[in-house]
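Novice: Below, each chain spelled out in residue letters.
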Amino acid sequence: MAEQHAHAAEHADHDHKPHGWRRWVYATNHKDIGTMYLVFACTMFFIGGAMAMVIRLELFKPGLQFVDPQFFNSMTTMHALMMIFGAVMPAWTGLANWMVPLQVGAPDMALPRLNNFSFWILPFAFTLLLSSLFVPGGAPAGGWTMYPPLVLQNGASFPMLIFSIHLMGVSSILGAINVVVTILNLRAPGMSLLRMPLFVWTWLITAYLLIAVMPVLAGAVTMLLTDHFFGTTFFTAAGGGDPVMFQHIFWFFGHPEVYILILPAFGIVSEIIPTFSRKPLFGYEAMVYATASIAFLSFIVWAHHMFTVGMPLAAELFFMLSTMLIAIPTGVKVFNWTTTMFRGSLTFEPPMLFALAFLFLFSIGGFSGLMLAIVPADYQYQDTYFVVAHFHYVLVPGAIFGIMAGVYYWLPKWVGNMYDMTLAKWHFWLSTIFVNVLFFPQHFLGLAGMPRRIPDYAVQFTDWNMVSSIGGFGFGLSQLLFPYLIWKCVKHGEPVKSNRVWEGAHGLEWELPSPAPYHSWQEPPSDAVIARGAFH
Amino acid sequence: MSTVLAQDYDAEKRKRGIRRTAIVFGLIALFFYVGFMVLIVVKGSK
Chain A
1 MAEQHAHAAE HADHDHKPHG WRRWVYATNH KDIGTMYLVF ACTMFFIGGA
51 MAMVIRLELF KPGLQFVDPQ FFNSMTTMHA LMMIFGAVMP AWTGLANWMV
101 PLQVGAPDMA LPRLNNFSFW ILPFAFTLLL SSLFVPGGAP AGGWTMYPPL
151 VLQNGASFPM LIFSIHLMGV SSILGAINVV VTILNLRAPG MSLLRMPLFV
201 WTWLITAYLL IAVMPVLAGA VTMLLTDHFF GTTFFTAAGG GDPVMFQHIF
251 WFFGHPEVYI LILPAFGIVS EIIPTFSRKP LFGYEAMVYA TASIAFLSFI
301 VWAHHMFTVG MPLAAELFFM LSTMLIAIPT GVKVFNWTTT MFRGSLTFEP
351 PMLFALAFLF LFSIGGFSGL MLAIVPADYQ YQDTYFVVAH FHYVLVPGAI
401 FGIMAGVYYW LPKWVGNMYD MTLAKWHFWL STIFVNVLFF PQHFLGLAGM
451 PRRIPDYAVQ FTDWNMVSSI GGFGFGLSQL LFPYLIWKCV KHGEPVKSNR
501 VWEGAHGLEW ELPSPAPYHS WQEPPSDAVI ARGAFH
Chain B
1 MSTVLAQDYD AEKRKRGIRR TAIVFGLIAL FFYVGFMVLI VVKGSK
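The listed protein sequences derive, respectively, from chains A and B.
Residues in the first sequence are numbered from 1 upward in steps of one, following the working numbering.
Residues in the second sequence are numbered from 1 upward in steps of one, following the working numbering.
Calculated directly from the structure, the hints in this document are not laboratory data.
Note that CB positions come from ideal geometry on N, CA and C, so glycine has one too.
Be careful, since some hints might not be right.
What the hints assert, rightly or not - In silico EDC-like links for lysine to aspartate or glutamate, alpha-carbon gap of 16 angstroms or less:
#	chain 1	residue 1	chain 2	residue 2
1	B	15	A	349
2	A	61	A	456
3	B	43	A	242
4	A	17	A	108
To be verified - Ranges of calculated distance between the beta carbons of each label pair, as one might list FRET restraints:
#	chain 1	residue 1	chain 2	residue 2	range
5	A	498	B	16	24 to 32 angstroms
6	A	532	B	34	22 to 30 angstroms
7	A	153	B	11	52 to 60 angstroms
Let the hints inform the model, and build the full structure from the sequences given.
Specialist: Here it is as structure tokens:
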């Protein structure tokens, strides 16, 4: 059945494929839209990365060297916004667009035109945000958290920031609705929920989170807008408003947002480790329930971001303990991945290398998160470089390595060519070494008391800042290998010979030819094919 | 003929399901957007 389908699909591939700019501007094909998301995310990754280089350059030595403090603050703010909303979230949506229909046996996303709209909002949103660098007063500089009253002091960039955040929110919500609708309505007959690959499961849960929390962020920034322009005082103490309320609302969005950035990586790692261990995933159902538990807990831990703001002792205890509870489902995942590898026939191709680095380094970020969850300790760590080290361990070797692992895993299926393995391994080793050189010393700096979001620092912090900056430049430069490697793979890669690119791979996407045909699963896969793909 | 009708019926059913799910989740998003603003107004006016 699958072979017949594959054969038919190969022929169908030549039909109805638009050409030229219309293919992209009017795109409704999930693969085209997925590709656009990924290219967009990669572009934003390098722009956000360039901003990080400015930050590390300025912090290489104490004293003000290259940029003025206002511009430095703009760089930290814009770097965060670009990386979170421009790089990581669109990259996940791109991967979801490419893989969810292939993995559930659907011909496309359920709402293809909405899909096109969701994507094309983004270039406008980020052009608007980036153009704020050129308006009087400069780009937003009050931090990505946009706390009032500081954010209300921004100049002309303030409405640009708010409008671009609204646009990003609309794009994310529409994208998430599309994913949920596709998974709930377009699964092939026989693809029950507990047969779905973990990447689809984690994305389904991520989409629920997005639908619940992106509107909360939109509501909060709408109120900031009315405070600034229409005389309301939601968050202005002088008029009876409460600036701390904004922080509560923001982190009610902000903490689930962290899981929005990381849960799909859990899904990808859960696909890759069984493939390169040549064993089924240990505890599939436990993984699903652990993901759902993490998502649920993410809604009741937000105030751990604000322990020092001031709250009743009972609330501090509640948020401390609920935060620590997250370690349980996360531990279930880490142990299940480890047990999957136990006595497996392991090989270490680039996707597996990135997945293993994810496992070790994300755990470091998790442990420092537990340290930050302890209220009295947090009073010492808050607003220091320890926090910066913590969340960068979660987001760089966590989310970014998860995306890299996914791209290295599925790239041969997308383009039909194998990439340069040696170069990919260079990319992996350089990234892994430099990411640790970059972020590990920041733990020491934070514990020694260096505050975050400052362009200058006391001289005793010099040595570790120099090390960190060298790591930053190394990490930044080594990322240039990634687009080169993809370009080389597309143009000159050796064609892959089989549908199942990796020996141990299971799942519906590996039943399709490589490259995956432009129109796939026009006929739903048979039950036997689905059963063969469900490797758990 | 009956097979075609059955397929049409399935397609129609699926289309209805898609529309319904999209509307439900769109309304949930709208509820969270408006709900949190109302919450703040109510809390602020106490």
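Novice: Work down the list of hints and note, for each, if the structure agrees.
Specialist: Against the structure, the hints:
no.: 1; hint: B:15 to A:349; verdict: violated (42 angstroms)
no.: 2; hint: A:61 to A:456; verdict: holds (8 angstroms)
no.: 3; hint: B:43 to A:242; verdict: holds (10 angstroms)
no.: 4; hint: A:17 to A:108; verdict: holds (14 angstroms)
no.: 5; hint: A:498 to B:16: 24 to 32 angstroms; verdict: violated (40 angstroms)
no.: 6; hint: A:532 to B:34: 22 to 30 angstroms; verdict: violated (47 angstroms)
no.: 7; hint: A:153 to B:11: 52 to 60 angstroms; verdict: holds (56 angstroms)
Comparing the model with each numbered hint stated earlier shows that hints 1, 5 and 6 do not hold.
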